[in-house]
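Enquirer: Listed below, chain by chain, are the residues.
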Amino acid sequence: AQTVTQSQPEMSVQEAETVTLSCTYDTSENNYYLFWYKQPPSRQMILVIRQEAYKQQNATENRFSVNFQKAAKSFSLKISDSQLGDTAMYFCAFMTHYGGATNKLIFGTGTLLAVQP
Amino acid sequence: KAGVTQTPRYLIKTRGQQVTLSCSPISGHRSVSWYQQTPGQGLQFLFEYFSETQRNKGNFPGRFSGRQFSNSRSEMNVSTLELGDSALYLCASSSQTGEVTQYFGPGTRLTVL
Chain A
1 AQTVTQSQPE MSVQEAETVT LSCTYDTSEN NYYLFWYKQP PSRQMILVIR
51 QEAYKQQNAT ENRFSVNFQK AAKSFSLKIS DSQLGDTAMY FCAFMTHYGG
101 ATNKLIFGTG TLLAVQP
Chain B
118 KAGVTQTPRY LIKTRGQQVT LSCSPISGHR SVSWYQQTPG QGLQFLFEYF
168 SETQRNKGNF PGRFSGRQFS NSRSEMNVST LELGDSALYL CASSSQTGEV
218 TQYFGPGTRL TVL
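As you go down the protein sequences, you meet chains A and B in turn.
The first sequence: position 53 = 53 (my numbering), numbered continuously.
Add 117 to the 1-based position in the second sequence for my numbering, that's all there is to it.
Next up, chain A with everything else stripped away, as it sits in the complex (with noise of 0.2 Å):
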């Protein structure tokens, strides 16, 4: 079975930082995707990056990127220049994908990440 651990419940950073959520699954297929969601405390489920497995290389959009390590199962988020708006819980998820996509994504327990003024 698939599983996906993200270690740090909650972070902080101060606005206009850097900071990197940390995300490790674990599977036994070879074709999947990864996700990075954030809720917000409107509880609004939004997406923020993807990634295929396939390509070897690193998702970004804007001031989010990710840091994919297949071999280790790794998949990190890197926020820079945080801001205020981006105060959220940050959730890792994962979906496998055979031939088609299952649609049936496997969450983390999130990172509750808190900027700070």
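These are calculated hints, taken from the structure and not from any lab test.
It should be emphasised that the depicted structure is a prediction, and the values quoted were computed from it without experimental measurement.
It cannot be assumed that every hint is accurate.
[Stated by the list, open to error] Far from chain B by the CB rule (all over 10 Å, computed), these chain A residues:
id: 1; residue: 16
id: 2; residue: 41
id: 3; residue: 42
id: 4; residue: 65
id: 5; residue: 83
id: 6; residue: 91
id: 7; residue: 97
id: 8; residue: 104
id: 9; residue: 108
id: 10; residue: 109
id: 11; residue: 116
[What the hints assert, rightly or not] Okay, the calculated bits of chain B under chain A, using three or more residues with CB under 8 Å as the criterion:
id: 12; stretch: 127 to 137
id: 13; stretch: 141 to 148
id: 14; stretch: 191 to 202
[Said to hold, decoys possible] Just a sample of chain A residues kept apart from chain B, beta carbon distances all over 10 Å, derived:
id: 15; residue: 17
id: 16; residue: 44
id: 17; residue: 50
id: 18; residue: 60
id: 19; residue: 67
id: 20; residue: 68
id: 21; residue: 70
id: 22; residue: 80
id: 23; residue: 87
id: 24; residue: 103
id: 25; residue: 106
id: 26; residue: 115
id: 27; residue: 117
Each residue gets a CB set at the ideal place from its N, CA and C atoms; glycine is no exception.
Model the placement of chain B on the given structure of chain A, informed by the hints.
Expert: Structure of chain B alone, referenced to chain A:
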């Protein structure tokens, strides 16, 4: 495009009752997945529907059921409610045309008294 919508947003029920939650996916999306979020268990996959067929099911009792209509709208039903069913229920849709990302609705907060 309008996002995923869920109704109602808040619901209070008592033990033993049943409840139906509704989810309208993004226009053109044919896959709808449901998740339960609780402080104790985190985010757990309930089931996924595609073209009115359940394709995938999580590890939940048979009291949890769902269906999908021809317009891709989906409903989730929980019968014989228990206190432990109190949770945020999230619905997500995806297009299934090369795009695997799931887009989430705002959720329905269910409280069972």
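Enquirer: Taking the hints in turn, state whether each one holds.
Expert: Hints and how they fare:
Listed as outside the interface, residue 16 of chain A is consistent with that label: its C-beta sits roughly 29 Å from the nearest C-beta of chain B, beyond the 10 Å cut-off. For residue 41 of chain A, the non-interface assignment is confirmed: its Cβ lies about 12 Å from the closest Cβ of chain B, beyond the 10 Å cut-off. At roughly 8 Å from the closest C-beta of chain B, the C-beta of residue 42 of chain A falls inside 10 Å, breaking its exclusion from the interface. Non-interface status of residue 65 of chain A relative to chain B is upheld: no Cβ of that chain comes within 10 Å, the nearest being about 17 Å off.
The Cβ of residue 83 of chain A lies farther than 10 Å from every Cβ of chain B, with a closest approach of about 22 Å, so its non-interface assignment holds. The beta carbon of residue 91 of chain A sits about 7 Å from the closest Cβ of chain B, which is not more than 10 Å, so the claim that it is off the interface is violated. Against the 10 Å criterion, residue 97 of chain A falls within the reach of chain B, whose nearest CB is about 7 Å from its own CB. Not every CB of chain B is more than 10 Å from the CB of residue 104 of chain A (nearest about 5 Å), against its label as outside the interface.
At the 10 Å boundary, the C-beta of residue 108 of chain A falls inside the reach of chain B, the nearest C-beta of that chain being 8 Å off. Not every CB of chain B lies more than 10 Å from the CB of residue 109 of chain A, the least distance being 5 Å, so the non-interface label is violated. The non-interface label for residue 116 of chain A is consistent with chain B: the shortest C-beta to C-beta separation is roughly 24 Å, beyond 10 Å. Counting residues of the stretch 127 to 137 of chain B whose C-beta sits closer than 8 Å to any C-beta of chain A gives 0, which falls short of three, so the coverage hint is violated.
Beta-carbon proximity to chain A at under 8 Å applies to 1 residues in the stretch 141 to 148 of chain B; the threshold of 3 is not reached and the given coverage is violated. For a cut-off of 8 Å, the count of residues in the stretch 191 to 202 of chain B with a CB near a CB of chain A stands at 0, and the three-residue condition is violated. Residue-level check passed: residue 17 of chain A sits 28 Å from the nearest beta carbon of chain B, beyond 10 Å. Not every CB of chain B lies more than 10 Å from the CB of residue 44 of chain A, the least distance being 5 Å, so the non-interface label is violated.
A beta-carbon of chain B comes within 10 Å of the beta-carbon of residue 50 of chain A; the shortest separation is about 6 Å. Consistency note on residue 60 of chain A: stated as away from chain B, and its beta-carbon is indeed over 10 Å from all of that chain's, at 16 Å minimum. The beta carbon of residue 67 of chain A is kept farther than 10 Å from every beta carbon of chain B, the shortest such distance being approximately 20 Å. Remark: the non-interface label on residue 68 of chain A is consistent with the geometry, its nearest Cβ contact in chain B lying 16 Å away (cut-off 10 Å).
In this structure residue 70 of chain A is separated from chain B by more than 10 Å, as the shortest Cβ-Cβ distance comes to about 18 Å. The beta carbon of residue 80 of chain A is kept farther than 10 Å from every beta carbon of chain B, the shortest such distance being approximately 22 Å. Look at residue 87 of chain A: its CB is around 18 Å from the nearest CB on chain B, clear of 10 Å, so calling it non-interface holds up. The non-interface label for residue 103 of chain A is inconsistent with chain B: the shortest C-beta to C-beta separation is roughly 5 Å, within 10 Å.
Non-interface call for residue 106 of chain A relative to chain B: violated, since the shortest CB-CB distance, roughly 7 Å, does not exceed 10 Å. The beta carbon of residue 115 of chain A is kept farther than 10 Å from every beta carbon of chain B, the shortest such distance being approximately 22 Å. The claim that residue 117 of chain A lies off the interface holds: its Cβ sits roughly 27 Å from the closest Cβ of chain B, which is beyond the 10 Å cut-off.
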